[in-house]
Amino acid sequence: MRVVLFCLLLAGCGGKPGGPAVRIAMAGTGLQTQLVPMLVAQALGYYREEGVTVTFENLATIEKAMQAMIGGSVDVASNSYSQILLVSAEGQRVRAFFVGLRRNSFVLVVAPAAAGRIRRAEDLKGAVIGTVGATGLPFLHHYLGAHGLRPGEFSTVTIGVGMPAIAAVESGRLDAANVAGGDHIRLLRRHPSLRILVDSSTPEGMRETFGSEAYSAGVLSAKQSWLDANPDTARRVARATRRGLQWMAAHSFEEIREKLPEAFRSEDAALDLDVLRWARDGYTKVGRMPAGSPEAWKRLLGTVSERVRDAKIDLAATWTDEYLSESK
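Plus 9 on top of the position in the sequence shown (first one is 1) and you've got this note's numbering.
Keep in mind that a hint or two might mislead.
[Stated by the list, open to error] Quick list of simulated restraints, FRET-style, between CB atoms: (1) A122 to R308: 29 to 39 Å; (2) G161 to R316: 17 to 27 Å; (3) R308 to G125: 33 to 43 Å; (4) A258 to P160: 35 to 45 Å; (5) G161 to D237: 35 to 45 Å; (6) E131 to R289: 25 to 35 Å.
Bear in mind the hints are in silico, worked out from the structure with no lab data behind them. Cβ coordinates follow ideal geometry from the N, Cα and C atoms, glycine included.
Produce the entire structure from the sequences given, and follow the hints as far as they go.
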């Protein structure tokens, strides 16, 4: 089910009279770290100050957010750069114009019900593993392949992010899950003995699951046709979101949490602060694409997607930093 988060629910909304309206699709419930810079920018009125009226539409998965953008029901999608490569391999002209995260957030955990029989990656042979969606599959295949498991020796199901993912892990129907966005911290609060097989948010974990430390996610992306038609609007959106990032870097975790809409906070303030604390080092400084990340993503996706591996993707056409300029 789609949940439209109209800007009237968020502080600092509005926009200058006559300014363009921008619809942004996102995914995730509760405090999802990839969404925080946008939510902070909205709460502080940065989009309004840049002369745009932003409306967020929250969907179940980042794949659905991408589909909504390609289908034209929204203008911009907040997702992973990997999604751009996947649709580019299908001939879609989509481009990232802001990058919020330079660190992976996937954490492979053992479901509490399976803790007695799964102690290491090799024990996942024959297992059912939850994942956020297609974006999580390359990491899972890369990591498990390094431990001797072939794709046909385990199965995966999509569990999304936020409370749906947590409920799936606790359902007893999964053996493990590749969770993201800080969901492992929420699970640890509920299950202190939760077994973590690999935390790919650390430099070591990124090398083990991604094969590189050059990573990009939490991107804002749009169709090239929309960017061509709305370059000034894209620049204003990117600039306002960057201001959100910079404000976060200069303020406390408590202040950041206070700026989040109620729908994106839990009732446990200490838990939210733990998630924000864990996430802070993973944000980019100004929204630029980390050097080497597009190439690293292409290599990783090529190991699990024949379409991506064989496609002649012009990586330079899948991202740009040009909308991060200071000029208005």
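Cross-check of the supplied hints:
1. A122 to R308: 29 to 39 Å: Since the Cβ atoms of A122 and R308 sit about 35 Å apart, the hinted range of 29 to 39 Å holds.
2. G161 to R316: 17 to 27 Å: holds, 19 Å
3. R308 to G125: 33 to 43 Å: holds, 37 Å
4. A258 to P160: 35 to 45 Å: holds, 40 Å
5. G161 to D237: 35 to 45 Å: For D237 against G161, whose Cβ atoms are near 43 Å apart, the range 35 to 45 Å holds.
6. E131 to R289: 25 to 35 Å: For R289 against E131, whose Cβ atoms are near 34 Å apart, the range 25 to 35 Å holds.
No hint from the list above goes unmet by this structure.
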